[in-house]
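Protein chains in written order, with this note's numbering: chain A, 1 to 33; chain B, 1 to 293.
These are computed hints drawn from the structure, not numbers from a lab.
Hints should not be assumed to be uniformly reliable.
Calculated lysine-lysine pairs in the DSSO-like style (CA-CA distance at most 27 Å, straight line) [unchecked claim]: (1) B/Lys117 with A/Lys9; (2) B/Lys145 with B/Lys55; (3) B/Lys117 with B/Lys55; (4) B/Lys100 with B/Lys117; (5) B/Lys55 with A/Lys9; (6) B/Lys55 with B/Lys66.
These stretches of chain A come out as covered by chain B in the derived footprint (C-beta under 8 Å, 3 or more residues) [as the list claims (entries may be wrong)]: (7) 12-18; (8) 21-29.
C-beta atoms are modelled at their ideal positions from N, C-alpha and C, and glycine is treated no differently.
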Amino acid sequence: MKVANWNNKVTLGGAGAFLIFGVIYLIEAMYYA
Amino acid sequence: MPDSANKDHLDVTKPDTKTKPKPALGEDENEGLIQPLHSYLLSLTMILFSEIGDKTFLIAALMAMKHDRVLVFSAALSALVAMTILSAILGHAVPTLLPKRFTNFLAAVLFLVFGAKMLREGLAMSSDEGVSAEMQEVEMELEEKEHLARQQGRRRSSVSPYALEMGLGRGARKSRSGSRLPSPPRSPSLSPDRSPSPARTTIKGAIAGLTNLLSLLLSPAWVQTFVMTFLGEWGDRSQIATIAMAAGQDYWWVTGGAVSGHAVCTGVAVIGGRAIAGRVSLRVGTSSPFSHR
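Please construct the entire structure, taking both the sequences and the accompanying hints into account.
Structure below.
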């Protein structure tokens, strides 16, 4: 049970990281490239 | 006029060389948000977040329960490094075909889509499923492969005892070394090399040691882990993200970050995999760690 919760948090953390990266790349594409 | 032309020419070149040839490059690099070290950190964190709890992580964790940790770590990391280098090459080749702005935009879209997908998965994940569901999937796959390997081993070894009994030691030895299963210890009566002279025994001993070393380096478990990790990583979101990052950024730093991330993840999987998988899966947890070790 603990592992499942831990996995859930990791997935949500990964989702957050991916979304942040997406925003960074979007800004990079819009303003700097 | 020629003097002025020369002067102008020198005036143009001198400030270029004197003032800042490198700062000019630095300014170009500073134009973007993502600098080399940033791209290293980005790829490192991206791999850490996307690989922990992933299929390749579980493969490494499960294989480390049954086989030597160093062996599993080296096999899984080699597969991941090979895959990362391939992804980086692919990512480096893409911007030559497409403009940088477009590749950056494509990378942004990919990251946002993967992020949204992971967010949905994470929110929809109940406490009962999660790692255990994927772990069972990987277990099934591993069992299938082992079953196949056992069948192949039986087919091959079904010839060897007879051949050994008939005194065909060399043929049996070759078939045994070709087998994909780890060879069990032989009894002296069954050993094919019963050589009379001591010189021959030393040479044969050296050859046997060399073959043992090679079988250790390229053992069936190593090959199985390598192939499963390579195929498991193929088309994975981390691979596509690596391609996207290598397309947009300095691919050397991206590759370095991705390799570091994979090394950390595989290390965690191999060291802590036994505890994690033991808690998740009762079947594997009760059968392999205590019976094999």
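Here's how the hints hold up against the structure:
Proximity of B/Lys117 to A/Lys9 is assessed by CA-CA distance (about 15 Å); at most 27 Å being required, the pair is judged to hold. Distance hint between B/Lys145 and B/Lys55 is fulfilled; the C-alpha atoms sit about 16 Å from each other, no more than 27 Å. Among the hinted pairs, B/Lys117 with B/Lys55 is consistent with the structure: their alpha-carbon atoms are about 17 Å apart, no more than 27 Å. At roughly 25 Å between alpha-carbon atoms, B/Lys100 and B/Lys117 fall within 27 Å of each other, so this suggested pair holds.
For the suggested pair B/Lys55 and A/Lys9, the alpha carbons sit about 17 Å apart, so the restraint of at most 27 Å is met. For the hint linking B/Lys55 to B/Lys66, the alpha-carbon distance of about 17 Å falls within 27 Å, and the restraint holds. With a threshold of 8 Å between beta carbons, the proposed coverage of the region 12-18 of chain A by chain B holds, since 7 of its residues qualify and at least three are required. Only residues whose beta carbon comes within less than 8 Å of a beta carbon in chain B count, and the region 21-29 of chain A has 9; three or more means the coverage holds.
The structure agrees with every numbered hint stated previously.
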